[in-house]
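Enquirer: Now for the letters of each chain:
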Amino acid sequence: AQSVSQHNHHVILSEAASLELGCNYSYGGTVNLFWYVQYPGQHLQLLLKYFSGDPLVKGIKGFEAEFIKSKFSFNLRKPSVQWSDTAEYFCAVTNTGFQKLVFGTGTRLLVSP
Amino acid sequence: DVKVTQSSRYLVKRTGEKVFLECVQDMDHENMFWYRQDPGLGLRLIYFSYDVKMKEKGDIPEGYSVSREKKERFSLILESASTNQTSMYLCASSLLALRTGMVYEQFFGPGTRLTVL
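Residue numbers (our numbering), protein chains in the order written: chain X, 1135 to 1247; chain B, 75 to 191.
Hints may contain errors.
[Said to hold, decoys possible] List time: in silico DSBU-like cross-link candidates among lysine-lysine, alpha-carbon distance up to 35 Å: (1) B:Lys77 to X:Lys1183; (2) B:Lys131 to X:Lys1205; (3) B:Lys77 to X:Lys1192; (4) X:Lys1203 to B:Lys92; (5) X:Lys1234 to B:Lys145; (6) B:Lys145 to X:Lys1192; (7) X:Lys1192 to B:Lys131; (8) B:Lys127 to B:Lys87; (9) B:Lys145 to X:Lys1183; (10) B:Lys144 to B:Lys87; (11) B:Lys92 to X:Lys1234; (12) B:Lys144 to X:Lys1234; (13) B:Lys144 to B:Lys77; (14) B:Lys87 to X:Lys1234.
By construction, these hints were calculated from the structure, which means they are not laboratory data.
Treat the numbers as computed from the prediction; the structure is a model and nothing was measured.
My request is simple: use the sequences and hints to build the entire structure.
Expert: And the structure:
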């Protein structure tokens, strides 16, 4: 079955530390990849997405993610986190043409000031 | 600005009650989705709809049904609520690209936290 794995369930960082959150998927074929973020008390919102082309994707608030097809991975990165990045982050995957997203279990990030 | 609204932020119901959760979007999106969000389990798709009166089962449809009579409105129905349906329910909508197969961003509502006693 198609699945998405986020191995880091909880991450605690100090401000200015670098961030990398892992996302691996088990899909065949052409994939579309997403990272969503849920700030405390807010709606889930899109951080960035990959459909095709440059495997390094830049999103909002200084986040980026790299699609590595050979590793079935789409890891999220930020060079220097801020306290305001405290949130839960979800990776999601679908095959091109399929409207259903499969979400990972999420990673809770706490950034201490 | 895309807006997805859900009828209640918090809801408390008793076991066996019939529960209706309503979702409305104002961007003329074809696709609408219902998820439940549980700690450690992420978001799991219950049902989705790509057109009025059309519905598709998601990964966990048991115990739920849906209704889409108008394009902007998608209802989730718990026929007989049970305690294991206590959860956060999220509605989302997105555009549908029939010819290209493009998968568009989903826009989420604020969620309804349902407690079944």
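Enquirer: State for each hint whether it applies.
Expert: A quick look at each hint next to the structure:
no.	hint	in the structure
1	B:Lys77 to X:Lys1183	20 Å, holds
2	B:Lys131 to X:Lys1205	30 Å, holds
3	B:Lys77 to X:Lys1192	24 Å, holds
4	X:Lys1203 to B:Lys92	46 Å, violated
5	X:Lys1234 to B:Lys145	18 Å, holds
6	B:Lys145 to X:Lys1192	33 Å, holds
7	X:Lys1192 to B:Lys131	33 Å, holds
8	B:Lys127 to B:Lys87	27 Å, holds
9	B:Lys145 to X:Lys1183	26 Å, holds
10	B:Lys144 to B:Lys87	26 Å, holds
11	B:Lys92 to X:Lys1234	27 Å, holds
12	B:Lys144 to X:Lys1234	21 Å, holds
13	B:Lys144 to B:Lys77	16 Å, holds
14	B:Lys87 to X:Lys1234	29 Å, holds
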